[in-house]
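Here the protein sequences line up with chains A and B, keeping their order. So that you can map any letter, position 243 of the first sequence is 243 in our numbering, and since no number is skipped, the others follow by simple counting. So that you can map any letter, position 151 of the second sequence is 151 in our numbering, and since no number is skipped, the others follow by simple counting.
There could be a bad hint or two in this list.
What the hints assert, rightly or not - Lysine to aspartate or glutamate pairs mimicking EDC-like chemistry, simulated, CA-CA at most 16 Å apart: (1) B/Lys129 with B/Asp71; (2) B/Lys285 with B/Glu312; (3) B/Lys196 with A/Glu54; (4) A/Lys41 with B/Glu227; (5) B/Lys273 with A/Glu54; (6) B/Lys285 with A/Asp259; (7) B/Lys17 with B/Asp224; (8) A/Lys82 with B/Glu279; (9) A/Lys249 with B/Glu254; (10) A/Lys249 with A/Asp259; (11) A/Lys151 with A/Asp172; (12) B/Lys130 with B/Asp15; (13) B/Lys285 with B/Asp393; (14) A/Lys195 with A/Glu217; (15) A/Lys41 with B/Asp224.
What the hints assert, rightly or not - Stretch by stretch, here's where chain A covers chain B in the computed footprint (C-beta under 8 Å, at least three residues): (16) 243-250; (17) 280-289.
The hints are simulated quantities; they were obtained by calculation from the structure and are not laboratory data. By construction, the Cβ of each residue, glycine as well, lies at the ideal position given by its N, Cα and C atoms.
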Amino acid sequence: MVLAMGAAEVGGDVMFKVLEKDLLAENIYRMVIEAPLVAAKARAGNFVIVRVSEVGERIPLTISNSDAERGTLTLIIQAVGKSTRDLVQLESGDNLRDVLGPLGTATEINPDVKRVVAVMGGIGVAPMLPLLRAYRKAGAEIVSILGARSKELLILRDEVEDLSDEVIIMTDDGSDGEKGLVTDPLRRMLEQGEKFDLAIAIGPARMMQASCQVTKEFDLPTLVSLNSIMIDGTGMCGGCRVSINGETKFACVDGPDFDGHAVDFNELVLRQGYYRDQEEHAETCQTFGRE
Amino acid sequence: MTRASKTRVEMPRRDPKERGTDFKEVALGLEPELAIAEAERCLNCRHKPCVSGCPVEVPIPEFIQLILKGDFEAADAKIKEKNSLPAVCGRVCPQETQCEQVCVLARRGQPIAIGMLERFVADQASAAKKARGEAADGQQAKPKYKERIAIIGSGPAGLTCAADLAGYGYGVDIFEALHDTGGVLRYGIPEFRLPKSIVDEEVEYVKSLGVNIFTNVAVGLTLDFNEMLSSGKYAAAFIGTGAGLPYFLNIPGENLNGVYSANEFLTRANLMKAYLFPEYDTPIKVGRRVAVIGAGNVAMDAARVALRLGAEEVSIVYRRSREEMPARIEEIENAEEEGIKLQLLTNPARILGDDRFCVRAMECVRMQLGEPDSSGRRRPVEIPGSLFTMDVDTVIVAVGQGANPMLTTRVDGLELNKWGNIATFDECGATSIPGVWAGGDITTGASTVISAMGAGKRAALGIHQWLTEKREQA
Chain A
1 MVLAMGAAEV GGDVMFKVLE KDLLAENIYR MVIEAPLVAA KARAGNFVIV RVSEVGERIP
61 LTISNSDAER GTLTLIIQAV GKSTRDLVQL ESGDNLRDVL GPLGTATEIN PDVKRVVAVM
121 GGIGVAPMLP LLRAYRKAGA EIVSILGARS KELLILRDEV EDLSDEVIIM TDDGSDGEKG
181 LVTDPLRRML EQGEKFDLAI AIGPARMMQA SCQVTKEFDL PTLVSLNSIM IDGTGMCGGC
241 RVSINGETKF ACVDGPDFDG HAVDFNELVL RQGYYRDQEE HAETCQTFGR E
Chain B
1 MTRASKTRVE MPRRDPKERG TDFKEVALGL EPELAIAEAE RCLNCRHKPC VSGCPVEVPI
61 PEFIQLILKG DFEAADAKIK EKNSLPAVCG RVCPQETQCE QVCVLARRGQ PIAIGMLERF
121 VADQASAAKK ARGEAADGQQ AKPKYKERIA IIGSGPAGLT CAADLAGYGY GVDIFEALHD
181 TGGVLRYGIP EFRLPKSIVD EEVEYVKSLG VNIFTNVAVG LTLDFNEMLS SGKYAAAFIG
241 TGAGLPYFLN IPGENLNGVY SANEFLTRAN LMKAYLFPEY DTPIKVGRRV AVIGAGNVAM
301 DAARVALRLG AEEVSIVYRR SREEMPARIE EIENAEEEGI KLQLLTNPAR ILGDDRFCVR
361 AMECVRMQLG EPDSSGRRRP VEIPGSLFTM DVDTVIVAVG QGANPMLTTR VDGLELNKWG
421 NIATFDECGA TSIPGVWAGG DITTGASTVI SAMGAGKRAA LGIHQWLTEK REQA
C-alpha cells in the first residue's frame with residue numbers, strides 16, 4: 001500500500017474521514033473532514049483537491065473553515081455534476097480517497113483596510129467566510145451583501161451575520177431581504193458616498209464581474225476568488241490559466257485570489273464551460289459555486 | 001557454441017494500424033530465444049564501454065552473461081544492484097545515446113540491444129515471481145542507521161535515491177504531492193509506452209526495500225520543508241520534484257478552449273485515465289484535427305495519445321527540421337508509422353477561435369534554417385510572406401517545462417539558477433543548504449528518466465558520505 005498521509009503520524013495507512021455532513025439547501029452540503037496536516041497549515045484563501053474514489057476526478061474545493069486543534073476542514077459542496085454528487089453521497093464515517101492541500105496563495109490581509117464590503121452569491125459565501133474571519137480579527141468593519149436566487153438557497157447566513165457589522169440580504173425573487181441583485185445595494189452604497197477600503201466579491205463568475213464593474217467606477221480595490229478548471233492544483237497542468245491584465249496566470253498557484261479589476265471574466269466563463277457537454281458523465285470542477 | 005549473428009535483433013512491435021486505436025503496449029518484448037541470440041553477440045569486453053555510458057552504471061556485460069546462462073532472475077538481480085527500475089529503463093531509456101552508442105559493435109552500426117535485453121530480463125523475472133505467487137523481492141532490513149532521510153517527489157530521481165539510501169541502511173520517507181506514485185512515469189509517459197502495471201511493480205520493489213511513500217503531501221504546503229529538517233525528524237533531504245511547470249508560446253489565442261499544455265493533456269490521459277472516460281470520471285476532449293507544437297518525446301507522446309483518442313489527423317508542428325527534432329528516433333518512427341504527420345520548419349503565430357471560444361485554426365509561418373545559434377543548432381528564421389492557416393480544433397503545446405516554484409520558493413536559503421532550477425554544487429547534487437541534495441529535472445530542466453535516476457543515485461551516495469562523516473566526527 002502506498003500510504004495516504006494526513007490523519008495520523010507518518011506510518012499509518014490513513015484515509016480522510018467524513019466526521020459531519022449537513023444539508024444546507026437543496027444540493028448544497030457542509031462536510032467536516034479529518035485532515036490534520038492540511039488543517040494545521042490552512043489559511044484564508046486556501047483550497048484543497050479531493051478525490052472520492054479510485055476512478056474519481058480531482059475536485060478543487062475552498063476551505064471554508066479549519067480547526068487545527070481538532071484536525072478538521074469544513075467544505076461546502078454544491079452537487080451539480082457526477083463528481084460532486086459522488087462526494088455528497090458520502091456519509092459520516094466514510095472516507096475520502098484523497099485530500100491534498102492547503103493549495104493556492106493565501107489571501108494577504110491588509111492591516112490598513114478598516115472597512116470592507118463583502119459581496120457573495122450562491123455558494124461563494126463558503127470561501128468568503130475565512131476572509132471575513134481574517135478581516136474581523138484584523139479589526140475591520142464589515143458590510144456583507146449576501147445573495148441567492150431565493151430564500152431556500154441562502155446558506156451560512158448565521159455565520160455571515162456573526163462576522164459582519166451589517167448584512168444586506170438579496171434574493172432574485174424577493175422571498176427574503178430585498179428583491180434584486182447583489183450589485184444593487186453595492187452601487188447604492190457607493191453612490192451615497194459610503195467609504196470602503198476594499199471590496200471582496202466571491203460567487204459565480206458573472207456576479208463577480210458585475211460587482212467589479214460597479215467598484216471600478218468608484219475606484220474601489222476589489223478582490224475576487226476564481227474557480228477555474230484544474231487538475232493537479234500545483235501549477236503543473238496549466239489548465240486553470242486566467243488572463244490578469246492581459247497576462248496569463250495560473251489560478252491554482254498564482255491565485256485563486258486576484259485583483260478583480262484585472263480579470264478577464266469573459267474568458268473565465270468560456271473556459272469554465274469547456275466540458276459542460278460532458279457533465280452528464282462527470283462534472284469537472286466547481287470550486288466555489290456556479291450559477 | 002554457434003557463431004553469433006552479426007545482426008542486431010529487432011523489437012517486435014504491434015501493427016501500427018491496430019495499435020493506433022488502443023492504449024496497449026506497442027513494443028512486445030523479446031522471446032527468450034531472440035534474447036539469448038542477442039546476448040550471444042555481446043563481446044563481453046573487458047573495458048566495458050557500455051557501463052561507462054550508463055548514468056547508473058548497470059553491470060551490462062555481467063547481466064548479459066547471465067542471460068546466456070538462461071538465469072534471467074539472476075540477471076535481473078545483477079541489474080538491480082545498480083538500477084532499481086529496470087523494467088522502466090528497458091522501455092524508456094534513450095540507449096542509442098548512452099550505453100549502446102559506446103558499444104564496440106556500434107562502430108559497425110549493430111550495437112547490442114541492451115535496452116531490449118534489460119526489459120526482457122526485468123519482465124522475465126517479474127513473470128517468474130508472479131508464477132510462484134511471490135511479491136516484490138527487496139531485502140527489507142531494519143535500518144542500520146538512526147538517521148531518517150526525506151525524499152521529495154516519487155519520480156525516477158526520488159525512487160532511485162530512496163532505494164539506494166535504503167540499501168545503505170537508512171530509513172527513508174518519500175513525499176508525493178499527487179495521489180499516486182511515480183511522478184512523470186505515471187502522469188507523463190503513456191500506457192502504450194510504459195504500462196502503469198510496470199510502474200506499480202517497480203514502486204512495489206522500492207517499497208519492499210523498506211521505503212515509505214506518502215501521497216497527497218505537497219511539501220512546502222502540507223508540510224514545511226524547513227521544519228522537517230530543523231525539527232531533527234530528518235537528517236537529510238533529497239529534492240526531486242521534476243520539471244512541473246508547462247511553458248506556453250505566448251502567442252495570441254493560447255487560452256482558447258481546445259489548447260492544452262502537453263502536461264495537462266497527458267495528465268488527464270495517463271494519471272486520471274481519461275482515455276477510459278466515462279468509466280473514469282475525468283474527461284478529455286480531442287477534436288478531429290490536432291496540432292502538437294514541439295518535437296520532443298513529450299510531443300510524440302501527446303500526438304500518439306491524441307490519435308488513440310480518435311483524432312483523424314494529428315500533426316507535429318516544429319520550427320526546425322527533422323534533424324533537430326529532440327525526440328528519440330524510435331519514437332519519431334513509431335509516431336510516423338501510426339500516421340502522425342510532421343509539419344517541419346513551421347512556427348505557430350496565432351491560434352484562432354470560433355464564436356464559442358473554441359480553437360478552429362492556427363496561423364503559422366514557414367521557417368528556414370539560418371546560422372547556428374548558441375545551442376549549435378541552425379537557427380530557424382521566418383520566411384517573409386509565408387503565413388498560412390492550418391485547420392485544427394485542438395492544439396497541444398509541448399515546448400518544454402520549467403521548474404515548478406511551489407517548493408523551491410518555500411525553502412529558506414535554497415539557491416536557484418536564473419531559470420529557477422535548484423543550483424547544485426558538486427556531482428552528487430549538494431545544494432546551498434547543508435543536508436539538502438537535489439537532482440533530476442528540478443536541477444537540470446527537462447531531461448530523461450535515466451539521467452534523473454543517475455542524479456538520485458549520486459545524491460544517495462553524497463548523503464551517505466556526508467552522514468558517515470558526521471557520525472565519525474561525533
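Outcome of the hint check:
no.	hint	in the structure
1	B/Lys129 with B/Asp71	13 Å, holds
2	B/Lys285 with B/Glu312	13 Å, holds
3	B/Lys196 with A/Glu54	14 Å, holds
4	A/Lys41 with B/Glu227	12 Å, holds
5	B/Lys273 with A/Glu54	10 Å, holds
6	B/Lys285 with A/Asp259	31 Å, violated
7	B/Lys17 with B/Asp224	50 Å, violated
8	A/Lys82 with B/Glu279	12 Å, holds
9	A/Lys249 with B/Glu254	12 Å, holds
10	A/Lys249 with A/Asp259	12 Å, holds
11	A/Lys151 with A/Asp172	9 Å, holds
12	B/Lys130 with B/Asp15	28 Å, violated
13	B/Lys285 with B/Asp393	10 Å, holds
14	A/Lys195 with A/Glu217	13 Å, holds
15	A/Lys41 with B/Asp224	9 Å, holds
16	243-250	holds (count 5)
17	280-289	holds (count 5)
Comparing the model with each earlier hint shows violations of hints 6, 7 and 12; every other hint is respected.
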